[in-house]
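Chemist: Residue-level listing of the chains:
2 protein chains.
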Amino acid sequence: MRIAVDAMGGDNAPKAIVEGVLLAHQEFPDIEFQLYGKETEIRRYLNGEINIRVIHTDEKINSDDEPVKAIRRKKQASMVLAAQAVKNGEADAIFSAGNTGALLAAGLFIVGRIKGIERPGLLSTMPVIGSETGFDMLDLGANAENKPEHLVQYGILGSFYAANVRGITKPRVGLLNNGTEASKGSELTKKAFELLSQETSIHFVGNVEARDILTGVADVVVTDGFTGNAVLKSIEGTALNIVNLLKTSILDSGVKGKIGALLLKDALKNLKNEMDYAKYGGAVLFGLKAPVVKTHGSTGPEAVAATIRQIHTMLETQVVDKLVKQFEENSPE
Amino acid sequence: MRIAVDAMGGDNAPKAIVEGVLLAHQEFPDIEFQLYGKETEIRRYLNGEINIRVIHTDEKINSDDEPVKAIRRKKQASMVLAAQAVKNGEADAIFSAGNTGALLAAGLFIVGRIKGIERPGLLSTMPVIGSETGFDMLDLGANAENKPEHLVQYGILGSFYAANVRGITKPRVGLLNNGTEASKGSELTKKAFELLSQETSIHFVGNVEARDILTGVADVVVTDGFTGNAVLKSIEGTALNIVNLLKTSILDSGVKGKIGALLLKDALKNLKNEMDYAKYGGAVLFGLKAPVVKTHGSTGPEAVAATIRQIHTMLETQVVDKLVKQFEENSPE
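Those sequence lines, one after another, are chains A and B.
Just so it is clear: in the first sequence, position 59 is 59 by the working numbering, and no numbers are missing.
Just so it is clear: in the second sequence, position 45 is 45 by the working numbering, and no numbers are missing.
These are calculated hints, taken from the structure and not from any lab test.
For clarity, every value in this text was computed on a predicted model and none was experimentally measured.
Mixed in with the good hints there might be a few duds.
Said to hold, decoys possible - Some chain B residues near chain A, calculated using beta-carbon distances under 10 Å:
1. Ser186
2. Lys190
3. Arg211
4. Ile213
5. Gly225
6. Val231
7. Ser234
8. Ala239
9. Gly260
10. Lys265
Backbone N, C-alpha and C fix where the C-beta goes; we use that ideal spot for every residue, glycine too.
With the sequences and hints as input, model every part of the structure.
Modeler: Shown next as structure tokens:
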């Protein structure tokens, strides 16, 4: 399997990206890496490793570039070349820690949608607190608006992902709503509830509330991109703020507090580990002809390696090919 | 000032409600309380206090009653009688810890909307982490759907609340969106952004993201009821799960961890206090002819007293009368 890597995307590029790729290279000798970016900079971190291909380019997309414009104008950008390699059949998947909007645009306009899938959704595996497993949620913001039919497709997409990549048997699909009763919600969720109930290819378990998703009420949570984005950012913001507050409180509580924190080190480490969803990999723009996967811009080498592990699983299980088959069979000519 | 209290609403009613009222009675001798519910049960917790009126009724609305039906059929329910007292001018505000949907219905159908306000919104003051202040957010779920014009009204409503009840000068109003750029969002938020920018009576500061609201980027955050409900529940769920996880981690980490927790007691207490938004009072269905205020069903006496303190401030500052004046002046005949 061949993975095209945008080596120049993210706050710590190319260092963190290249170091992550080296970690993954150790773990998965079967992956052929193609690193797109400034060759001299990339080579500096490759430690003389010659089995990793570097494709030089001077151009890159910045975090503040306007996504669609950047993709269209910066034809030689590392991200664009990586996406182009996938389109041309020279690579099987693309990885980037760069501009999210630009990667979504590159995925849609260069890699392309699977026939029959109207609106690919951004999917992430989020942690279920107190459990080793997680849940998949989509759309996390690839779309600002969705129709009920899209939410049904997200149920199917999420089920394929949970079953193949995470090995969940008969994944439970929940619809994010403002109450658990069938009658609850907006016009969008009411109609989506009806359609999801009729969809026989998935195991729909009804409405779920944002309060309960972190406790594992569903393996797959579907929602429109606007709400999904708000929920994801609320969870991230709350967790980050609590952890920061705890740190400040400990620092402000004098020697006693610092000794306490030292004794609690394992418990606090456990907390951090449970909340860390980078361990599940990155966010997938799911519904495209190949895996297009994004991690946080501030990501370190371990998270890069975790994301490549995720891409490896996606390629190994052929989840995208299975999706293509499912949707081509069911879509009208 | 006279406050009608639904003494039978909530998991710990009437005990927690009556005990909370007694606390508030000590603090605010100027409040005339009217307690609606089972007289013998209420009197049991009143400790012989005779300056609090009790209006007996056997009927009450349960947490699983269908809201609108319950309000229409249970004419003698404690919540309905309390709302009726406000409507008839016998009380100035209503407090309940009961069925949220039923209280919203009682507010809309019995107390009634202020002329010119299309869709009253559910408003709560949420904590800004690391600060004594908070921010007001609405709509938290009174409506499953909203139009751009409603979000502008929420900006005005929230500004009046923040200025009068919390004493914020020129409150900064933010629109919850999936990015901070003006061009971001759904059809709803794009149009709302445009209208909010033109609204001269408020201090609109643009789009805010869910990740940042807990750090105080705005004093008032406006959003549609569906998103607001999801964000509120995400914040609550994340905070609750982290605190539970921390507890479990401490219990599982043996003697060392328990000593650590003991030494960290102040820091953990500080954390709990910062996250506790019951200290700001309850949720207000704002835009009605009188304060209609709800606390969590599982609330204890202190939170009941805090909510009555909030109602006291609302009545003292005459924030509802000011709203009536503002909207009557600006609404067409």
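Chemist: Can the hint on Ile213/B be confirmed by a CB-to-CB distance to chain A that is less than 10 Å?
Modeler: Status holds, d = 7 Å.
Chemist: For the hint on Arg211/B, just tell me whether its beta-carbon gets within less than 10 Å of chain A.
Modeler: holds (4 Å)
Chemist: Restraint: Ser186/B near chain A, CB-CB cut 10 Å. Satisfied or not?
Modeler: Constraint on Ser186/B satisfied, holds at 5 Å.
Chemist: For the hint on Lys265/B, does the least C-beta distance to chain A fall short of 10 Å?
Modeler: holds (8 Å)
Chemist: Going by Cβ atoms only, is Gly225/B closer than 10 Å to chain A?
Modeler: holds (8 Å)
Chemist: Ser234/B was flagged as interface toward chain A. Is the shortest Cβ-Cβ separation under 10 Å?
Modeler: Because about 4 Å separates Ser234/B from the closest Cβ in chain A, which is inside the 10 Å limit, the hint holds.
Chemist: Would you check whether Val231/B satisfies its interface hint, that is, whether its CB is within less than 10 Å of any CB in chain A?
Modeler: Nearest chain A Cβ about 5 Å off; hint holds.
Chemist: With 10 Å as the cut and Cβ atoms as the points, is Gly260/B at the interface with chain A?
Modeler: With a minimum Cβ separation of about 3 Å from chain A (threshold 10 Å), the hint on Gly260/B holds.
Chemist: Next item in the hint list is Lys190/B. Is there a CB on chain A closer than 10 Å to its CB?
Modeler: Result: holds, 9 Å to nearest chain A Cβ.
Chemist: Holds or violated: the hint that Ala239/B contacts chain A, with Cβ atoms closer than 10 Å.
Modeler: holds (6 Å)
Comparing the model with each earlier hint shows no violations; every hint is respected.
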